[in-house]
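Please put together the full structure from these sequences, using the hints given.
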Amino acid sequence: MSAHLQWMIIKNNSCHLIKRNKKQFTREPNNLKNKNSFRYNGLIHQKTVGVEADPNGKGVVLVMKKPKKCSQPSQSESRVALNKGARSSLRSIKRTIRKNRYRKDLRMAALRRASAIMKSQKTK
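When we follow UniProt numbering, the leftmost residue of the sequence shown carries the number 1, and every step to the right adds one.
Among the hints, erroneous ones may be present.
[As the list claims (entries may be wrong)] In silico lysine-lysine, PhoX-like type, Cα no more than 25 Å apart, as pairs:
1) K11 / K23
2) K94 / K69
3) K84 / K124
The set of hints was computed from the structure by calculation and includes no laboratory data.
Below is the structure:
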């Protein structure tokens with residue numbers, strides 16, 4: 001099924017959808033900006049990128065969807081923990097997205113989300 005058809009089906013009906021104050025947000029995985037839009041949707045595209053906080057509390061986890069494993073949900077994502085430091089983590093996120101030929105439009109959003117997560121983990 002094409003991504004556009006899937007978007008038409010789920011754009012107004014989704015369990016992840018949040019509608020408040022005339023704005024629509026979403027809590028779906030791999031949505032970097034949490035906006036309910038075709039561009040940032042993590043469910044319908046073949047290649048998506050997500051950035052999450054590391055469960056240990058230091059660093060981030062880069063989540064990438066594997067297009068060839070879409071019929072096997074347990075193997076459809078690859079997770080890479082990045083916790084060496086802010087600069088090296090951001091550099092490796094940028095390099096990974098570029099080398100694996102993931103979507104260019106998500107690169108800056110992934111870097112901003114990773115940087116915000118690492119900034120929130122800093123101790124004062």
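Going down the list of hints, with the structure as the test:
1. A C-alpha spacing of about 13 Å is found between K11 and K23, which places the hinted pair at or below 25 Å, so the restraint holds.
2. At roughly 23 Å between alpha-carbon atoms, K94 and K69 fall within 25 Å of each other, so this suggested pair holds.
3. About 19 Å separates the Cα atoms of K84 and K124, which keeps this hinted pair within 25 Å; it holds.
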